[in-house]
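J.: Sequence:
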Amino acid sequence: MLLDNKSILITGGTGSFGKAFTKYVLDNYNPRKIIIYSRDEFKQFIMQNEFKQYADKLRFFIGDVRDKERLTRAFEGVDYVIHAAALKQVPACEYNPAEAIKTNIHGAQNVIDAALDTGVKKVVALSTDKAVNPVNLYGGTKLVSDKLFIAANAYAGSKDICFSIVRYGNVAGSRGSVIPFFHNIIKNGGTELPITDYRMTRFWISLQQGVELVIKALEESKGGETFISKIPSFKITDLAQAMLPGCEMPEVGIREGEKLHEIMVTVEDSMNTYEYDKHFIVYPQMVWSESRRAVPTGKRVAEGFSYSSGNNTEWLSVEQIRELLKTIDLEK
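Take the sequence shown: its letters are residues 802 to 1133, numbered as in our numbering.
These are calculated hints, taken from the structure and not from any lab test. Possibly wrong hints are sitting among the right ones.
As the list claims (entries may be wrong) - Cβ-Cβ distance ranges computed for the label pairs, FRET-style:
# : residue 1 : residue 2 : range
1 : 890       : 1119      : 23 to 33 angstroms
2 : 803       : 1112      : 25 to 35 angstroms
3 : 890       : 1047      : 27 to 37 angstroms
4 : 1050      : 857       : 42 to 52 angstroms
Stated by the list, open to error - BS3-like, lysine-lysine: derived pairs with alpha carbons at most 27 angstroms apart:
#  : residue 1 : residue 2
5  : 1079      : 820
6  : 834       : 1023
7  : 1031      : 824
8  : 858       : 922
9  : 1023      : 1100
10 : 1031      : 1100
11 : 1023      : 824
12 : 1127      : 1031
13 : 1079      : 1031
14 : 922       : 1017
15 : 834       : 820
16 : 869       : 844
17 : 1017      : 824
18 : 960       : 1023
19 : 820       : 903
Where a beta carbon is used, it is the ideal one built from N, C-alpha and C, also for glycine.
Turn these sequences into a full structure, and let the hints steer you where they fit.
T.: Structure, rendered in structure tokens:
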């Protein structure tokens, strides 16, 4: 099977995605080892305790993606790299732009260079809807990161390596997203939930779906593809009513760097986008070699197609949202 007897490294591996991906792989495959590469020793200590029954399969490396030498050492003998490390908080990136650039752009290039130099077979980089038509610095840095990973395939030469991207929005219930924000207001006795704009919509994706999309990218990628899940949308007003039925919803105005809708595929990307049962793939415009040519087997989307949480064909009702909320641990 795909990950059996393979060595896998996850940058930013102590985050929500890293933990979920690690558990999924350990439950469904028999990897040789999984390396958790991150810079926070306390989070690594916590994760070691959470996964202590898998101690023989896990390795924990302290390191920063800004440090190319450390990455190169960590990548020795690794088959697959999942690049999840990033500075993600929009306000923090706006206030500390140079730091966001060092981690999200220079760090991405370091991951690419280390992978090319050490015999890694596949690299999957996590992207974000904010990289599409970016309106804030975080989105801008992730757009550059995406371009770097796609272009990295041009430098592979005769090496047996490919780079691809997985793109999705905020995972339901993730830190800094609207669900825990509303939850804290309700927990503290609040009777109204502020809405930045009544028209606002978002995609609903679970950690499990995010992990499965990365597995699909590892299975199918030839180089340069961007994988995007087909997932339902919801209205922020419906989310508020699902969490606190009958509540007042004062409109407080859209925040700096915030979009009305999450965008995954632009009209400009539609020329290279193909639809599959559960996902879309945006194929690269460039073909670096015949061996790296990804041959689409899906259905090409219509000219002028775009995919956003605002024009989606699948929507969650208030009751469906309420049921999905039961699957999220909001007290973690």
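J.: Among the hints numbered above, which are violated by the structure, and what are their numbers in rising order?
T.: The structure breaks none of the hints.
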